[in-house]
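Position chain B relative to chain A; hints supplied.
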Amino acid sequence: MATVKSGKVVIFGAGGPVGAVTTTALKDHYTLRCTDAMSIDRIVAEERRQSDTAPLPELLEAPHERAVVDVTDYQQVRDACEGMDAAINLTVLRSVLDKAFAVNTVGAYNVAKAAADAGLKRLIHTGPFHSRMSHPADYWQDHQIPDDVPLHPGDDLYALSKYLGGHITRIFAEERGLEVMTFLFCGFRPRQVQPGQRGSGGSAFTVSWEDSGESFLYGLRAGDMPTPYEAFFIAAATPDRKYRVDKAQRLLGWQAADTFEELYLRPTD
Amino acid sequence: MGAMLCRRLAGGHEVLPVGDSNEPGHDLGEARDYHSADLNLPSAAAPAVRGADVIIHAQPHDPAMGEGPGAEGLLLERISRGTYVLVQAAVAAHISRIILISQIGLFDAVPEEYVVNAGWQPRPQPEAESLAPYMAELVCREIARVGKIEAVNLRMGDLDRVDGVDGTSADDAVAAVEKALTVDVLAAGYRWYQQHVVSAGRFADSA
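First to last, the sequence lines map onto chains A and B.
32 is the number of the first residue of the first sequence in my numbering; add one for each residue after it.
12 is the number of the first residue of the second sequence in my numbering; add one for each residue after it.
If we strip away everything but chain A, and leave its shape as in the complex, we get (with noise of 0.2 angstroms):
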């Protein structure tokens, strides 16, 4: 039984946006090991934030800890695992070529190599999903589009080496068994539709910072799997239909409380 109710999980990458309100969402239940490449001491200290919109992390404390943790040393990955039911890897580093493929790629294989090395019940990976790539074999003119499509990064950077992250994770959930959820995310907003911002649209594939932390929680907790390697959309669902995202409702319980349905409505006189 892979499902994780209570016990001790491990976030990669809890330095950032994602990892602020994952941690906040999982605090009460269970007992975190929050790394980062950098100390998070030092991010909040700083008030590094990614965005001006963009949650910084809680300094929690013990029994939870804090560590600084290299997803490209193999080693230190795999001490941060020693103890851990369950992994949650949010590690990214999206422009850069000099540490693109060494975050992305071979973190993932660090990550689930530990993971499994370890024993760990379950590990929720994490990447994108670019709804617009700007070449012909993205999903941008296609609408009702399922968390399985093949991601097709195209030349990006960012998204391709990811997408070899993403395929890793899945060879060893199929070969080691070790239970894998994928969770793809796009946009994220503050949970707050301001009032001049009726009507003024959304971006399909968008959700809170605080659902993207809950989804979390919902993943940890949820049953086992069909396949030991599942995708999720995680996102908002929105009235024009781009993104189905009734996959995550129906296997982890999740769905998005924060639906900006303002964003779509006519603006009121």
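Derived by calculation from the structure, the hints in this document are not laboratory data.
Just so it is clear, the structure is predicted and the values come from calculations on it, not from any experiment.
Where is the CB? At the ideal position from N, CA and C, for every residue including glycine.
One or more of the hints may lead you astray.
Said to hold, decoys possible - Which residues of chain A face chain B? A partial, calculated answer using Cβ under 8 angstroms:
| # | residue |
| --- | --- |
| 1 | A98 |
| 2 | Y105 |
| 3 | H166 |
| 4 | P167 |
| 5 | W171 |
| 6 | Q172 |
| 7 | I176 |
| 8 | G185 |
| 9 | Y194 |
| 10 | L195 |
What the hints assert, rightly or not - Now the stretches of chain B that chain A is said to cover, found in silico as 3 or more residues with beta-carbon under 8 angstroms:
| # | segment |
| --- | --- |
| 11 | 82-95 |
| 12 | 146-158 |
Then chain B, alone, in the frame of chain A:
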């Protein structure tokens, strides 16, 4: 594999050998002017491909792994990032085709009773040496898919294992590469073309 192809192709083509070591590790025959380049670096890859009409990328067939901590990660990065940088350099230099030499061993996990062809999904093991050629395939396929380059993927066995196991003879390897230089990749409507090149063993009958 790379050195053998250099030696054998040099008779009919101008071959520009490139490797990541300071000196070639094997006899390159008539293929002279060995160029040492770290393909992880765009600044090194660009001059390495200058003047070429086609690139033959044999490194993923023999992805030698180093020793010590981090060797697996270094191998995976060298092959995945190196292939990405190489293809990007080729696209920038208006080179229209890359021939990737991958491994038939990607199908070792398929039960022997099946007749495997090149359309099957590879099944690498969760180990860096097994994953590395698959990473190179995915990089080439995805960049070819969006029209940036034509990619021919040739999955071969070991050169020195042709006696009843899943090996590829030098003659078969060279013939396949010669064909890959001129094959009409676009005839089927795609820029990704792949073939198994195996001389003996379980995969030979479907190659």
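A quick look at each hint next to the structure:
no.	hint	result
1	A98	violated, 18 angstroms
2	Y105	holds, 6 angstroms
3	H166	holds, 4 angstroms
4	P167	holds, 7 angstroms
5	W171	violated, 13 angstroms
6	Q172	violated, 15 angstroms
7	I176	violated, 17 angstroms
8	G185	holds, 4 angstroms
9	Y194	holds, 7 angstroms
10	L195	holds, 5 angstroms
11	82-95	holds (count 7)
12	146-158	holds (count 8)
Checked against the numbered hints above, the structure violates hints 1, 5, 6, 7; every other hint is satisfied.
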